[in-house]
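A.B. asks: Chain order of the listed sequences is A and B. The first sequence runs contiguously to residue 81 in our numbering. The second sequence runs contiguously to residue 311 in our numbering.
If you're looking for bench data, these hints aren't it; they were derived computationally from the structure. Note that beta-carbon positions come from the ideal geometry of N, C-alpha and C, so glycine has one too. Take every hint as true, because none was put in to throw you off.
With the Cβ distance kept under 8 Å, some of the chain B side facing chain A (calculated, not the full set):
id: 1; residue: Ala157
id: 2; residue: Ser249
id: 3; residue: Gly256
id: 4; residue: Gly260
id: 5; residue: Phe295
id: 6; residue: Ser303
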Amino acid sequence: MELSASIVTAAKYLAAGFVMGIGSIAAAYGEGQVASHAIDGMARQPEMEDSLLRTMVIGQAITESTGIYSLIVAIMLLMVV
Amino acid sequence: MLEHLGEKLVLQFGDSAIFGLDVISLIMSWVVMAVIIGFAWWLRQGLNQDVEEEPSGRLVVLESMIELLEKQFSDAFEKDQLQVQLFSFISTLFLFITVSNWISIVPGLSSPTQDFNITISFALLVFFISHYYGMRINGTGKYLKSFSEPYAFMLPMNIISEIAKPLSHSFRLYGNVFGGAVLISVLTAKLIPVLLPAIFQMFYGLFIGAIQAFVFALLAVSYINVAVEQ
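Using the sequences provided together with the hints, build the complete structure.
C.D. replies: Next up, the structure:
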C-alpha cells in the first residue's frame, strides 16, 4: 500500500475510535443523570413509579440519540468512507 | 473475515436503487409475521371454553399480555379517544419489533430491524399517523397554523424538527440492533468463538431488544401526543 492510502486508513480508524469514545461520554453521563433523578423521585413517591419509569425511559432514549449518531458516524467511517 | 458486515443480497428490478429488493430482510420479516400469527392462533385456541370452566393456561397468558400492554401504552395516551383507536397500532408495533429483535438469538437468523429500511418505514408510519391525527383532532387549518407559532420566523425550525423526529426515531432502533449484531460478529470472528458470544447474544437480543422495542413504541405514543396537543 502506498503511503497516502495508509495514512487515510490510519486516520479512518483513529477517527472512528475518537468518535465512539468521546461521543459516548455525554450520552452515558446524561443517561446516568436521568436514571439517578428518576430513582430519587421513585424513592420519594413510590406510587408514581409507573409513570416515572415511562418518562425515564423516554428521556433516556432521547438522550441516547447523540450516542447512536456517533455510532452511525463511526460505522460510516469504517465501512463506507 | 468481517468484510461481509455491510453487504446485502439485493434483487434489482430497475436501474434506480429504489427498485432494489433486500431479500434477507424481506424473508426475515415474513418469518417474524409467521411467528406472531402462529402464536396468536395458538393463544386463540385457548379461548374455546365455557365461561364457568377454570381458565386455561393460554387464557391467562393472553390476559396478562393484554393487561401489560394496556397498562404501559394505553395509559400513556393523553386523549381518551386515542387510547381506544391507537392501542392496537402501538401494540402491534411493539410486538413486531420485539419479536424481530428476539429472533436474532436463533443461530442463522438475523433481525429485520438490522436493516435501516425497515426501521425508517416504521418511523415514517408513525410520522404520518401522528400528523393525520393532529389534523383530524385539531382541524387541518389550525394544525398547520400551529407550525408558525410562537413566531412566524420559527416556521423553518419547526419543520426541520418535525423532519428530524422520524430520522432519530429510526436511527435509534437501527443503531442499537445493528451495533449489537456487529459486536457479536466481531467477538465471534476475532476473539473467542465459544460461550461468550452466546451470552452477549442473549443480552443484546433479549434484554436490549425488548427495551428498544418498548422505547420505540413509547416514543411513537409521545410523538402522537405532541402532534395532537398543539
